[in-house]
Structures are given as structure tokens and as C-alpha cells.
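J.: Note that the protein sequences, when read in sequence, are chains P and C.
Take the working numbering: the last position of the first sequence gets the number 620, and nothing is skipped along the way.
Take the working numbering: the last position of the second sequence gets the number 620, and nothing is skipped along the way.
Everything labelled a hint here was simulated from the structure, so no lab data went into it.
From a predicted model like this one, the values you see are computed outputs, not experimental measurements.
One or more hints might be untrue.
Said to hold, decoys possible - With the Cβ distance kept under 8 angstroms, some of the chain P side facing chain C (calculated, not the full set): (1) S473; (2) R483; (3) I486; (4) A556; (5) I591; (6) N594; (7) I595; (8) I606.
Using N, Cα and C, we set each Cβ at its ideal position, and we do this for glycine too.
Number of protein chains: 2
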Amino acid sequence: MKITRYKHNSDFSYTLGMTLTIELLRCRPETVIQVYISPRAQESEAMQELRALCGQRGIPALESEKAFNILSPKGNCFVIGVFRKFSAPVRRDCHLVLVNPSDAGNIGNIMRSCIGFGITDLAVVRPAVDLFDPKAVRASMGALFHMHFTYYDSFAAYMKDFPDHNLYPFMLRRSRPIHEVEFKAPWSLIFGNEAAGLPDDFADIRPASGALCSSVLIPISGNIDSLNLTIAAAIAMYEVTGRPQTVRR
Amino acid sequence: MKITRYKHNSDFSYTLGMTLTIELLRCRPETVIQVYISPRAQESEAMQELRALCGQRGIPALESEKAFNILSPKGNCFVIGVFRKFSAPVRRDCHLVLVNPSDAGNIGNIMRSCIGFGITDLAVVRPAVDLFDPKAVRASMGALFHMHFTYYDSFAAYMKDFPDHNLYPFMLRRSRPIHEVEFKAPWSLIFGNEAAGLPDDFADIRPASGALCSSVLIPISGNIDSLNLTIAAAIAMYEVTGRPQTVRR
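The shape of chain P in the complex, shown without the other chains (with noise of 0.2 angstroms):
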């Protein structure tokens, strides 16, 4: 196949790195089409797992310096994977959603986050970045490959999908301090743009079903504005998951 620069509206994406692509192989192997391995590689451990990765499921490890300099110009990069876009839809399980979020390094490291506190669901609303992007691929550390996930035209589309999700917005306006909130499963903790955060009118969503909608915030000093977007969203997913004594799914 022919290595171009990757597109949003392509079939196929790429790791960038040994680390990233083994972990390819060994999560979503059947997406994989091939594996490109620089000519300045050094043997190594990692690379003896590549090639028997690779051995073991057919998939072609070719040599080829061409590859590199159209998608790794820096040349910090000795291994390439080639995969195809799959799918793995949210389930009907605690979700993480992302409205409008636009940095793929951002999205890449909150999936990383989402996979540490075993969060595996993450809903994304448009317009919103590409998190096939290999800057989002390479920042998710592989996390990526765990993870299911949906895109939304529109919250409004969400909250059809789970009528029933406990909504939980972070911002700022009518919002109650992050440890005083007991989050009721199944939840969403509802997360807006980098720069502009949530519209004000997500304070005052009232599900159909019933279920709850309660705007939250992370206390913190008055010399900053906010915390950085992958901060927040991993503070909030620490405080709901990862502490023995807040309420578990």
C-alpha cells in the first residue's frame, strides 16, 4: 500500500514507535496491515516481540526507509504500524464525554488517563479533533486500543443514546465542590472545549428520564483560571474511581 501523510477522512491510521506498535499488535492485531521497520533500527528484545508479533499473525514487516521520512521526518522514530480505523462503541457503562475537544496530544493523554482509573468509555461530540490522529494515537500511549468510543453530532444525540445517565458537567456556574458530590453510576462526567469549557446552559439540562444532572467543580486558587482540560478530567476520574471510599460503579 502507499504511505501518505495521514488524513482525517482516511481508512487507516499509524503508530509511531516500538512501544506503541507492540502494543497494537497485541490489543487490535486484526486491524493491522503492516509493520515498517527503519533500516537504522538496532536489534533488541522489543524487536525480537515485534517480528514474532508480526510472525505469528502474517502480518508483513517490511523494511523501508521511505515510510519514514513521510511520517516520522524527525527521525526519532524506528518502527511504523499500519492500521486500519476500527469501531468499539460506548456501552451502556459509566462514560467519560468530551464536547468539543480539539488538541489530539489532549485527547490522546486523557484517553491514557481514562485507562488508568478503568474508565473505558469515552463519548466525543463534534466538532470535535480526530482521536485517530497519531498525535492522539501516540499521546494515549496505546490506551487507545482499549478503549470504546462514539462520536455525537450533538449532546442532545447522547442523551437519546443513555436516557438514563446520571450527568455530572464540570464548570462552574451553579456547581457543587468535587468532593461533596456523590456520583450515582451510571454516570457521565461531562467535560467542554480546551479554551471556552461547557456552555453555560449544561447547568440546566433536566434528562427526561428522570436521572440526574449536577454541575461540578474542582476547587481550586484564585491566581489561575483553570486547570488544564487533561487535569481536570483526570482529577475527576481519580476522585470517582480511583479512591476506596467514594461511591464505585
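Model the placement of chain C on the given structure of chain P, informed by the hints.
T.: Just chain C now, kept in the frame of chain P:
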């Protein structure tokens, strides 16, 4: 003065962007040499505040495209502040300690979390990224201007300055889960490099003064190797300072 791309040995650094430059003018006006305003900038309330702050302090606000071509070639920035690097050494307070951090965006993001959770004192062990790198300044969202910070050539040199600090290295070796640890002030929360973490021997440190050293981990699922450094540091700071029921300094 002549504008050149940022160098680590320069006496000056830059704030790229309106909000960041206003924060600089509010918090550290004595360090500001001059402000550049792009001829393409629109008038706005923020611009009026910027001009007023410059006026009050007699700081020149110059219209020039040239500085933007050099410092922000992508063209998404309309205000630049030029400021003298300043010194604000760590005090005998609780500390965050970063050993060999390597990424400018990360250290900026971590400073933003520090200020969010009221931790104002940061020690950095070399080799380490430069926290005056404009990328770090930008990612800090101005938190740098509220921080106290000192660079050390070794962790031993840090301990010599603060022999009575109780040390909490975040690592896997001989560690207890974070929610079981009682953090005793004055504490130092210690984190290693993004890729390598802390060297194993941090678990064996015995401060000469009789202060504690107790290694700590943030429990995560087996499907990822570790949390991102910025996430781990933020969760530690949240746990130690943010929750009402934890020990406060």
C-alpha cells in the same frame, strides 16, 4: 532592543499572547522591558487593559510586525511581552520537586496545577528543561509569575538545603498507595523524568535529620504502564492539598 529567538542562556524571555502578557504585567511588572502589539491586532477590552497597564508602569508598547515574524511565525499571536528572567527562590515551605523533567509544555502545565492547588514552591534537579522557555511560560498560563523555584545540580544538593523535609518520591518500588499515606509537613512530593521515572535508589533515601522518606504510588489499572507526568503530579497535589479530609500543611 533586538528581538531574537529564545535561547536558554538569554537574560530575557517572552510571553506570547494577550492573556499571558496581561498576567505578566499584573504580577511581574518590574521585569517587563517592552510589549509588542501586532498591527493586525483588533481593539478590545483586553487591549485597553494591556495599554493601561503599560502606561501606568511606563512600559513601551510598540507596534511592530517584525517581532511576531521571529517569535510567532504561525501568526496566531498578536501581543508579545519581553521580560527579564527573574529569581524567586524556593522557601521553607512544602515543595514539588521535579527530577530531570525534559518537556517545556509539561513543566508549564505542572506549574499551572501547582498554583491551582496552592503549591507555590518548585525545586528542579538538573539536567532539566528551562522553565523560562516561552513554551513553558505559555503552558503555565501565567502560573510561572506566581511561583518560587530553584534549580539544583543534584538531589543531594536539594536535601542539603532542606534537611527536615519529609520526602515522598512517587515510584513503584516499595511504595504505598497514595490514599494510605499520611503526608507530614514540611513535605516534598518528588517526581522523575517523563520517560524514565525516578531512579530506584530514591526509595532508599534516609534523610540525616531523621525526616521521613516514604515512596508512594497512584494505583492504576494494568492496561497502561503509567500515568502521564503532568497527571500524576496533579493528582498528588490534589490529594495532598485539595481534599478537606487530607492532612493540610
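J.: For each hint, tell me whether it holds in the structure or not.
T.: Right, here's what the structure says about each hint:
1. S473: violated, 13 angstroms
2. R483: holds, 6 angstroms
3. I486: Check passed: Cβ of I486(P) comes within 5 angstroms of chain C, closer than 8 angstroms.
4. A556: violated, 18 angstroms
5. I591: holds, 4 angstroms
6. N594: Since the shortest Cβ distance to chain C is 5 angstroms, the answer is holds.
7. I595: Holds. Min distance 5 angstroms.
8. I606: holds, 5 angstroms
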